[in-house]
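Construct the entire structure; sequences and hints are all you get.
So the protein lines, in turn, are chains A and B.
Going by my numbering, the first sequence opens with residue 1, and the numbers climb by one from there.
Going by my numbering, the second sequence opens with residue 1, and the numbers climb by one from there.
Mixed in with the good hints there might be a few duds.
Unchecked claim - Derived EDC-like pairs: lysine to aspartate or glutamate, alpha-carbon spacing no greater than 20 angstroms straight-line:
1. Lys-40/B / Glu-3/A
2. Lys-36/B / Glu-45/A
3. Lys-22/B / Glu-53/B
As the list claims (entries may be wrong) - Simulated restraints on C-beta separations:
4. Gln-80/A / Phe-51/B: 37 to 45 angstroms
5. Ala-68/A / Lys-18/B: 45 to 53 angstroms
6. Ser-97/B / Asn-53/A: 17 to 25 angstroms
In short, the hints are calculated from the structure, not lab data.
For each residue, glycine too, the CB sits at the ideal point set by N, CA and C.
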Amino acid sequence: QKEVEQNSGPLSVPEGAIASLNCTYSDRGSQSFFWYRQYSGKSPELIMFIYSNGDKEDGRFTAQLNKASQYVSLLIRDSQPSDSATYLCAASGGSYIPTFGRGTSLIVHP
Amino acid sequence: ETGVTQTPRHLVMGMTNKKSLKCEQHLGHNAMYWYKQSAKKPLELMFVYNFKEQTENNSVPSRFSPECPNSSHLFLHLHTLQPEDSALYLCASSQESEGQIYGYTFGSGTRLTVV
Chain A
1 QKEVEQNSGP LSVPEGAIAS LNCTYSDRGS QSFFWYRQYS GKSPELIMFI
51 YSNGDKEDGR FTAQLNKASQ YVSLLIRDSQ PSDSATYLCA ASGGSYIPTF
101 GRGTSLIVHP
Chain B
1 ETGVTQTPRH LVMGMTNKKS LKCEQHLGHN AMYWYKQSAK KPLELMFVYN
51 FKEQTENNSV PSRFSPECPN SSHLFLHLHT LQPEDSALYL CASSQESEGQ
101 IYGYTFGSGT RLTVV
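Following this line, the structure appears as C-alpha cells:
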C-alpha cells in the first residue's frame, strides 16, 4: 500500500525563521512530488513540484528530494504569519494519481 | 470565470435527500477528480475522469454517483447519505500527458453536512 507520511505538527516557528517541513513516501516507484498549501477553510493550492533529486527553488520556497532515502522536504525562508497553513505532501508513481499525506500544520508567530 | 468552480459551497442535507454537487473547470484540462477530505485524514480519491471516461472508482459506496458530461463539467450525485459522509468534497482538474501530471488545480470545495 502506497503511503506518504508527514508529521501532523503543529510546527511553530518565529517570523523570519526558516520553516522545514518533511515528508517520507513508501513507493520506490514514485517519480513526481508535490507540495500543496491549504489555509483553514480553503482548498489546497499547489506551491511546488519536483521530479529530480536535489533542490528546486521558487522565491522563498525550496523543495528538496532524495529518492534514495525516499524523502521530500519543503523549506520556507523568511517565514511570515501569512505562511501559517497546513502543508500537504503528495507523491505519484506509475499511476499518475498522487497519494497524499495527512499534512503538517505550520504556525508562524510574530 | 477562471480556474475550477464548485457549487454549492455549503450543503446541509437529510439522510433521505438527493442532491448534486457541480464542478466546472475553465483550464482546458483533460482530467477531473472528486476527492473527500475529512478531519485528520489524508485526501481520499473517489473518482477520476480522464478524457471524459471514468478511469478509477476507488471503492466508493453506490450512494455517490459521478457524472461527467464533457471534459469541463463534473457532477457528484448524492442520495441516502450517512452522517459519516459529512466532509469537504473537493473537485480538481489536471492536464495528464503520457502518464504524467503537473499538479492539481482544486475547486473551493463543498462543505457537506448530513443530518
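Now for the hints, and whether the structure bears them out:
1. For the given pair, Lys-40/B sits about 15 angstroms from Glu-3/A by alpha-carbon distance, which is consistent with the 20 angstroms threshold.
2. Distance restraint check for Lys-36/B and Glu-45/A: the Cα-Cα separation of roughly 16 angstroms lies within the 20 angstroms cut-off, and the hinted pair is therefore satisfied.
3. With a CA separation close to 17 angstroms, the supplied pair Lys-22/B and Glu-53/B stays within the 20 angstroms bound.
4. As the Cβ distance of Gln-80/A to Phe-51/B is approximately 41 angstroms, the hint placing it in 37 to 45 angstroms holds.
5. The beta-carbon spacing between Ala-68/A and Lys-18/B, approximately 51 angstroms, falls within the hinted interval of 45 to 53 angstroms.
6. Distance hint check for Ser-97/B and Asn-53/A: the Cβ-Cβ separation is about 22 angstroms, which falls inside the suggested range of 17 to 25 angstroms.
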